[in-house]
Amino acid sequence: MSSNRVSRVQLLLVMILLVVLQFYVRPRLWDVRISPDFLLIAMMLFAMRSSPGLAALAGFAVGLIADTLTPARFGAGALAHTLVAYLASWGRAVFFADNMLVNAGFVAVGLWLRDFIVLMASGTDHRQMLTELIFYSPLQALTTAGFALLVLITFRSMFSVRLDA
Amino acid sequence: MISTSDRHYTRRDTVLFLTCLGLSLFGLFSPETWGHGVADTLRETVLSPLVWLQTRAEEGRTSRVRFRQVTSERDSTAYLSQFLPSLRAENERLRQLLRLSRRLNTGYVPAEVLHQPQAMDGRTLLLSAGSRQGVAVFNPVVAPEGLIGMVSSVSGKSSVAMSWAHPEFRVSAFTVSGNAFGVVAPSNEGRNGEGALEFRGVPYRDSVPLGTLVLSSGLGGVFPKGIPVGTVIGTVREEAGWERVYRLRPAANPGSAAHVLVLVGTPQGRDLAGGFPSDSLLEALRLDSIARLQRADSVVQAARAARAARRDSLQRADSVQAARAARAARRDSLQRASPIQGTSSGAAPVSQDSAQ
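Sequence order for the protein chains is A and B. With my numbering applied, the first sequence covers 1 to 165. With my numbering applied, the second sequence covers 1 to 356.
Calculated from the structure, these hints are not laboratory results. Among these hints, one or two may not hold up.
Chain A residues, not near chain B, derived (Cβ > 12 Å throughout) [stated by the list, open to error]:
hint, residue
1, Val20
2, Leu54
3, Asp67
4, Arg73
5, Ala80
6, Trp90
7, Phe116
8, Thr124
9, Asp125
10, Met129
11, Leu139
12, Leu142
13, Arg156
Derived DEER-like restraints, expressed as beta-carbon distance ranges [to be verified]:
hint, chain 1, residue 1, chain 2, residue 2, range
14, A, Gln10, B, Arg64, 31 to 37 Å
15, A, Gln10, B, Phe67, 37 to 43 Å
16, A, Phe135, B, Ser81, 44 to 50 Å
17, A, Gln10, B, Val70, 41 to 47 Å
18, A, Leu130, B, Ala89, 56 to 62 Å
19, A, Leu130, B, Gly60, 51 to 57 Å
20, B, Pro31, A, Asp98, 42 to 48 Å
21, A, Leu13, B, Pro31, 36 to 42 Å
Glycine residues also receive a C-beta, built at the ideal position from the N, C-alpha and C atoms.
With the hints as extra help, turn the sequences into a complete structure.
See the structure below:
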């Protein structure tokens, strides 16, 4: 078995771990609105290491899960995650995002952008949208980026793989 | 220049992206029922493990919260249950006070007793009613069981009552049967640390049986007549053959009284005994009614005896008169028989008279 394949399997395990964290640990954490979005971390880390098409597909899948499990308007999550994942994949090429802090920054910006698109597409009223975008989204972006940094540090070797290579 | 493979790679990405974007927009702008249908289907099939996982997590979180809630509720219940007996007792006392206030035919002000953590608390009581509520100095203070004391000083919102345990407390009293009068004062010989009262100045000839209820007499103008003061439980001493001093068990305990009534504006001479129907009082009333019945019976019997005697005397008078008439008739017949002796014609009327 080649080392690249081993790394892909390990990466898949990390993704599964993030999914489990999202659905089993996150509900037990403090305020859900500012707790880390593990699914978005998985999507962003995947998107930044794969081609834009695959990233868009992964974003669409994650968005579909979000639309199915959250009461927001159906399709808004899919649209937001598709766009964010696609842009993250292109952004990695533009910014040469091999630095872990840049990766974490990508995650934070991606989360805020995701929230912005979801709120816009869902037709939220302006006051609530401002509150979400100014207060809750930045806080959640910070916690999510922090946890993404932790994941990158912990599983540094696994995230060195390029899935589109 | 971009190679063919790179162009293919880019085209494939673009196609995938546009497809995903198109599907997302389709979902966004499709009828709401379609979106709900797709979401429901996905939740029931592909995402069911994730939903199950999240449900378990929610259960775990809420069960922790529920456990904490149940624990705190149990603790609160245990804490509250400690006060249940005292609450019941207080409730019962308040009910008694309500009944008492309904029975009293005088004005009153309800007040709470603000007990102080001091040894002398039972002698003077701080009451939560003052001159603003109409309380004045020398107003009697009563509990449902009987006399507590009297108000000794008053401020705007509170007042101080001197209870019967105070050394200077005195109340003129009489037994419920009405045969002995005296003065009730606190005793220095309380048993087991409990306060007791003495019924002093009872004449030596007036013996008071044990268990007799002693009421305020209304003399002195402070306490109205008929408030239970205590029950006779023994004799303390006898003073040189002219006075007996009885020990009383107080009717009401100032140390445990939580709510009292301050009697205001009670007219002189009004009897409040009807407001305190204690056992002794009821017994006394019962005995009194029996005595009244017996007295009534004796009157009836006397009348009956008088009627019988009259009837006897009449009968006796009748028989005397008959005997007297018979004697007179015989005397007549003898007188008439002596002048016409030997003739048969005169014998017939005599025999007719005697027959009559």
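For this session: Compare the structure with the hints numbered earlier in the document and write down the numbers of the violated ones, lowest to highest.
Result: 1, 2, 3, 4, 5, 6 and 19
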